[in-house]
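2 protein chains.
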Amino acid sequence: MKPHFDRIAFIGIGLIGSSLARVVRREGLAGHLVVSTRSANTLARAEELGLGDSYVADAAEAVRDADLVVVSVPVGASEAVAVAIRGHLKPGAIVTDVGSTKASVIAQMAPHMPAGVHFIPGHPLAGTEKSGPDAGFAELFTNRWCILTPLDGTDAKALAKLSDFWRACGSNIDTMDPQHHDMVLAIVSHLPHIIAYNIVGTADDLEAVTKSEVIKYSASGFRDFTRLAASDPTMWRDVCLHNKDAILEMLARFSEDLASLQRAVRWGDGDKLFDLFTRTRAVRRSIIDAGQEVDAPDFGRQAAKKS
Amino acid sequence: MKPHFDRIAFIGIGLIGSSLARVVRREGLAGHLVVSTRSANTLARAEELGLGDSYVADAAEAVRDADLVVVSVPVGASEAVAVAIRGHLKPGAIVTDVGSTKASVIAQMAPHMPAGVHFIPGHPLAGTEKSGPDAGFAELFTNRWCILTPLDGTDAKALAKLSDFWRACGSNIDTMDPQHHDMVLAIVSHLPHIIAYNIVGTADDLEAVTKSEVIKYSASGFRDFTRLAASDPTMWRDVCLHNKDAILEMLARFSEDLASLQRAVRWGDGDKLFDLFTRTRAVRRSIIDAGQEVDAPDFGRQAAKKS
Numbered sequence: 001m002k003p004h005f006d007r008i009a010f011i012g013i014g015l016i017g018s019s020l021a022r023v024v025r026r027e028g029l030a031g032h033l034v035v036s037t038r039s040a041n042t043l044a045r046a047e048e049l050g051l052g053d054s055y056v057a058d059a060a061e062a063v064r065d066a067d068l069v070v071v072s073v074p075v076g077a078s079e080a081v082a083v084a085i086r087g088h089l090k091p092g093a094i095v096t097d098v099g100s101t102k103a104s105v106i107a108q109m110a111p112h113m114p115a116g117v118h119f120i121p122g123h124p125l126a127g128t129e130k131s132g133p134d135a136g137f138a139e140l141f142t143n144r145w146c147i148l149t150p151l152d153g154t155d156a157k158a159l160a161k162l163s164d165f166w167r168a169c170g171s172n173i174d175t176m177d178p179q180h181h182d183m184v185l186a187i188v189s190h191l192p193h194i195i196a197y198n199i200v201g202t203a204d205d206l207e208a209v210t211k212s213e214v215i216k217y218s219a220s221g222f223r224d225f226t227r228l229a230a231s232d233p234t235m236w237r238d239v240c241l242h243n244k245d246a247i248l249e250m251l252a253r254f255s256e257d258l259a260s261l262q263r264a265v266r267w268g269d270g271d272k273l274f275d276l277f278t279r280t281r282a283v284r285r286s287i288i289d290a291g292q293e294v295d296a297p298d299f300g301r302q303a304a305k306k307s
Numbered sequence: 001m002k003p004h005f006d007r008i009a010f011i012g013i014g015l016i017g018s019s020l021a022r023v024v025r026r027e028g029l030a031g032h033l034v035v036s037t038r039s040a041n042t043l044a045r046a047e048e049l050g051l052g053d054s055y056v057a058d059a060a061e062a063v064r065d066a067d068l069v070v071v072s073v074p075v076g077a078s079e080a081v082a083v084a085i086r087g088h089l090k091p092g093a094i095v096t097d098v099g100s101t102k103a104s105v106i107a108q109m110a111p112h113m114p115a116g117v118h119f120i121p122g123h124p125l126a127g128t129e130k131s132g133p134d135a136g137f138a139e140l141f142t143n144r145w146c147i148l149t150p151l152d153g154t155d156a157k158a159l160a161k162l163s164d165f166w167r168a169c170g171s172n173i174d175t176m177d178p179q180h181h182d183m184v185l186a187i188v189s190h191l192p193h194i195i196a197y198n199i200v201g202t203a204d205d206l207e208a209v210t211k212s213e214v215i216k217y218s219a220s221g222f223r224d225f226t227r228l229a230a231s232d233p234t235m236w237r238d239v240c241l242h243n244k245d246a247i248l249e250m251l252a253r254f255s256e257d258l259a260s261l262q263r264a265v266r267w268g269d270g271d272k273l274f275d276l277f278t279r280t281r282a283v284r285r286s287i288i289d290a291g292q293e294v295d296a297p298d299f300g301r302q303a304a305k306k307s
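Order-wise, the sequence lines are chains A and B. Here our numbering is used: the first residue of the first sequence is 1, the next is one more, and so on. Here our numbering is used: the first residue of the second sequence is 1, the next is one more, and so on.
For reference, chain A alone in the conformation it holds in the complex (with noise of 0.2 Å):
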């Protein structure tokens, strides 16, 4: 197959860098392809795993004469980027990345985009709770979706260009509204994520039960929410810092909505229960169905050997 790019710099290596260049490769998807990031351990163990094809510390030097250009950092430190790579970049590449906020990247990278460069925003929606480059895997974007989010006015050679390439990569490709994207992500990944560390930080501070007990008998229900909760603590303080009015919106509606519940409960109102707790059964279907959840009890996971 043709390269999809001469050359590909990617700014971050961690589990969706590493990912996408995994795939990058298998795929022969970039004449040439570098690899840059901050920390000079995390650069080293890229080049062990053999992630690309030139190794950088210096994300200026590395988009020098890239046609494309993915930048996989926390969505914090997005702003610190551009400013570094502004001066660097060819004109008429494509710079963009891979934030789980849109609004928030917009303003802090379109602002230093040089006139002729195409900046196009997007989210892979994939991951796992595992993160660094060791944890990446070439088949994380298969069939998942990657939404862009193009500014007005952007070049639709461009947009079509790295669309061919995500599909190459095995995703699906939606584009939408920035503002848009970060109220849907606010509910379908924001916030089961910040719950799901809430509960967990809930656990962990009883004093009634003990984290012994917690741990022990973690297969009646707990241990489905400390996969989110084990997500990458830096990536998810961003998230927060920078979805916050969105994230605010579904909290207060998530909150209202059980003290809802807990009424029920307290009163013992069981036909409210019984209502909700049927009504959520129909959506688990929709999911499996529409090819984004596996139908097999427990996740499918394999119980637990006999030791």
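In short, the hints are calculated from the structure, not lab data. Hints may contain errors.
Intra- or inter-copy, both count: the list cannot distinguish identical chains.
[As the list claims (entries may be wrong)] With a straight-line cut-off of 20 Å between C-alpha atoms, the simulated SDA-like cross-links for lysine to any residue are:
hint : residue 1 : residue 2
1    : K211      : S286
2    : K130      : R301
3    : K272      : D204
4    : K130      : G300
5    : K244      : S255
6    : K211      : P178
7    : K157      : D174
8    : K157      : D6
9    : K130      : Q302
10   : K244      : A259
11   : K244      : L206
12   : K272      : L206
13   : K244      : T202
14   : K130      : T278
15   : K244      : F274
16   : K211      : R285
17   : K2        : D67
18   : K244      : P178
Position chain B relative to chain A; hints supplied.
Just chain B now, with coordinates in the frame of chain A:
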């Protein structure tokens, strides 16, 4: 292997009852296994599946001459079962249950148990989001905890016999005070289910984000909650109604913590967010180390196939 009991009667044959029936037959733990359930359809299905040696609709008839009676019905139905069987139990029989709440089951059943019958409440911490006799499987209890909450004065030999039976089914045994059981389960199981039901309800009610968007993009976190929220509505209504005090206590703590987290989001307290998000990671690691969770990313879900 010599059967553990000459005659075992199951009252209720849903996910738990049918899983237990399967392992009892596989391991040869019963000389004769009688299956009983009020629903004619379910009873016929249990017979088609070959879950027992005989099948009767009437619980009173089922328990006649049984050495072990296992009640596996929604906890709200416990007293009705106790009333139905109390005049028909064999002297020296062991009566146990599998309910998710223990103080309420004891209050419903213990007053009806005749002298000479050993009533030993129990709770296998095992299950999936599926329900009904077809959903059961013999490995459900392997390496999972079964908590027994014996009453004061329980016969030590009967307790040992019931414990051996559960061990033969694959379980590890703990004993616990019923009130403490209910507090522990409120945090490791009941609160997680209620929170999962609630967030799925909140998402289902949004106007600004469509249902199809929630479903399409659910793999970014939301789908993890839908598994618990697909659990049996009758069972979970009864749990909420029958462990009210402990659940309200845990809901209050959760909401208090969430309000504090929400405040950190509103005021941009990144350090506070980072500290919580770091602390919760260790909890998952402990659960994996305890053999109660898989270490594979995404619970080891198989990546969805490209359609």
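Against the structure, the hints:
1. K211 to S286: between (36 Å within a copy, 10 Å between copies)
2. K130 to R301: So K130 and R301 pass the 20 Å test inside a copy (17 Å) and across (14 Å) alike.
3. K272 to D204: between (30 Å within a copy, 16 Å between copies)
4. K130 to G300: both (19 Å within a copy, 12 Å between copies)
5. K244 to S255: both (16 Å within a copy, 19 Å between copies)
6. K211 to P178: between (41 Å within a copy, 19 Å between copies)
7. K157 to D174: Answer is within; shortest intra-copy Cα gap is 16 Å, inter-copy 65 Å.
8. K157 to D6: Only inside one copy: K157 and D6 sit 16 Å apart there, 77 Å across copies, limit 20 Å.
9. K130 to Q302: both (19 Å within a copy, 16 Å between copies)
10. K244 to A259: Cα proximity of K244 and A259: across copies only (14 Å, versus 22 Å in one copy).
11. K244 to L206: between (29 Å within a copy, 18 Å between copies)
12. K272 to L206: For K272 and L206, only the inter-copy Cα distance (19 Å) is at most 20 Å; the intra-copy one is 29 Å.
13. K244 to T202: between (22 Å within a copy, 18 Å between copies)
14. K130 to T278: between (33 Å within a copy, 13 Å between copies)
15. K244 to F274: Classified as between: cross-chain Cα gap 15 Å, same-chain 33 Å, threshold 20 Å.
16. K211 to R285: between (34 Å within a copy, 13 Å between copies)
17. K2 to D67: Within one copy only: 15 Å inside a chain, 74 Å across chains, cut-off 20 Å.
18. K244 to P178: So K244 and P178 pass the 20 Å test inside one copy only (14 Å; across, 43 Å).
The earlier numbered hints are all upheld by this structure, with none contradicted.
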